[in-house]
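Once you've looked at the hints, dock chain B against the given chain A.
2 protein chains.
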Amino acid sequence: MEENVSLMQAQKATAPPTQARIEVQVAVAKVGKYATAESGDTVEIVERPQGGISAVVADGQRSGRSAKAISNIVVRKAISLLAEGVRDGAVARATHDYLHTERAGKVSAELNIASVDLVTRTLVISRNARCPSLLRCDGHFVWLDAPAEAIGVYRNTKPSITELPLAAPLTLVLFTDGVWGAGAPTGSIIDLPAILENVDPHGDGAASAIADAILDAALLLDHGRPHDDATVLVLKLLPSADESGIRRLATRFPI
Amino acid sequence: MEENVSLMQAQKATAPPTQARIEVQVAVAKVGKYATAESGDTVEIVERPQGGISAVVADGQRSGRSAKAISNIVVRKAISLLAEGVRDGAVARATHDYLHTERAGKVSAELNIASVDLVTRTLVISRNARCPSLLRCDGHFVWLDAPAEAIGVYRNTKPSITELPLAAPLTLVLFTDGVWGAGAPTGSIIDLPAILENVDPHGDGAASAIADAILDAALLLDHGRPHDDATVLVLKLLPSADESGIRRLATRFPI
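So the protein lines, in turn, are chains A and B. Sequential numbering from 8 applies to the first sequence in the numbering used here. Sequential numbering from 8 applies to the second sequence in the numbering used here.
Hints are supplied without guarantee of correctness; some may be wrong.
A pair holds if it fits inside one copy or across any two, identical chains being indistinguishable in the list.
Stated by the list, open to error - With a straight-line cut-off of 25 Å between C-alpha atoms, the simulated SDA-like cross-links for lysine to any residue are:
1) 165 to 200
2) 165 to 261
3) 165 to 234
4) 165 to 194
5) 113 to 57
6) 113 to 247
7) 113 to 262
8) 113 to 91
9) 113 to 204
10) 113 to 56
11) 113 to 223
12) 113 to 191
13) 165 to 41
14) 113 to 207
15) 165 to 93
16) 165 to 126
Bear in mind the hints are in silico, worked out from the structure with no lab data behind them.
Same shape as in the complex, but just chain A (with noise of 0.2 Å):
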């Protein structure tokens, strides 16, 4: 469906049968920057049309309120365009060029969509983001790091795509800034992959599980007060020997 597909001609060799049956998992946990109102992510998980879902996590320039409007009117506009059935190339440059227009190239953000489909049966990760997403699959650990370009400023900005085959299991971890720096003045000290190995050994943890502890190791590293908005969304694909059909969503939060 898109380009960047090395990762799924180097997976097709050893992937099940695609009518094995597949539990997908998301799992989102976000903190706001210490002392500010609100989180500048945003996050939204939508239905895909013809089957699956897209999960987009936007984090707008700067923090505050802001940096909230900015990612709410990115994700508002991806998700509008991918419950239309736009494909996730086009969304993420069709979002681009509305924040472009919309803020005459003064405003940037950073935007991660991760999508379920069915009607291609892959993964497809389309980053816009200055910090990596991290991949398990096999056992392995693959950083999906290729250069991508914040939206809003630049023209012609394009995603990174990855495609993959779904396959259990396999982790998807995505993140903000906030995450990636935590505890660090500049770079990243964060080590996902330790805690991955450490939250989830066999790899047939809950989403849910990862997502928590990789925040609470990002608010650790920043003493309880987050230098940055920060969130993390975790995908999981597991075996499954669930025949109900039933489909779960939950989401909690203080007011």
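Just chain B now, with coordinates in the frame of chain A:
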């Protein structure tokens, strides 16, 4: 903010100070009619641009793909309006007008919207559905069963709106026909208050446990073969001592 404010006025005297810390929990469990490829019910949860969330539950006429297509466009329209900051009553009316125009009045859908509005600090429930919703607050059960037409067919269909102050503890249970009519050729035999009393005797249980228990009970009444698409959404307001400000979202489903 809206009509039908009697419950709100009745509660004002006993409501705790609005700044008491509250945790909002929303949980959804859904399953398609037996032997259909997909559920004709659609649920989405979206962040409100000025704070809070809205959950939209739509049940498209009939079942299977045609029902899914209807509930999908209904929910898509509703969430896009909610994400733009349109008030709930206007969203329900606009979504009706849209479906009525788009399908020439030939297709109906039941539409429920539950919003935690942090501007008005109220819970707003908009019903366009034949089956009722159940509210539990101050240890009492209240049925929200004011007559409310499904959207799409008649002219000028309006929602039945209930608005309550955000005060814990409170449990709202929204559901579609498949839950309400489980095990019964006509009418309803599922005893929702008994299920809540059983699974959540003190009113402090998790929304997800309640949603799962209700869907399980509906499936049991249908002998594991749901005779209609069945969806239950539970929204809880709970007293909270959590100071972390962490927001969480999780979904899981088989493919």
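Inset, instruction - Return the numbers of the hints above that this structure violates; sort them in rising order. - result: 1, 2, 3, 6, 7, 9, 11, 12, 13 and 14
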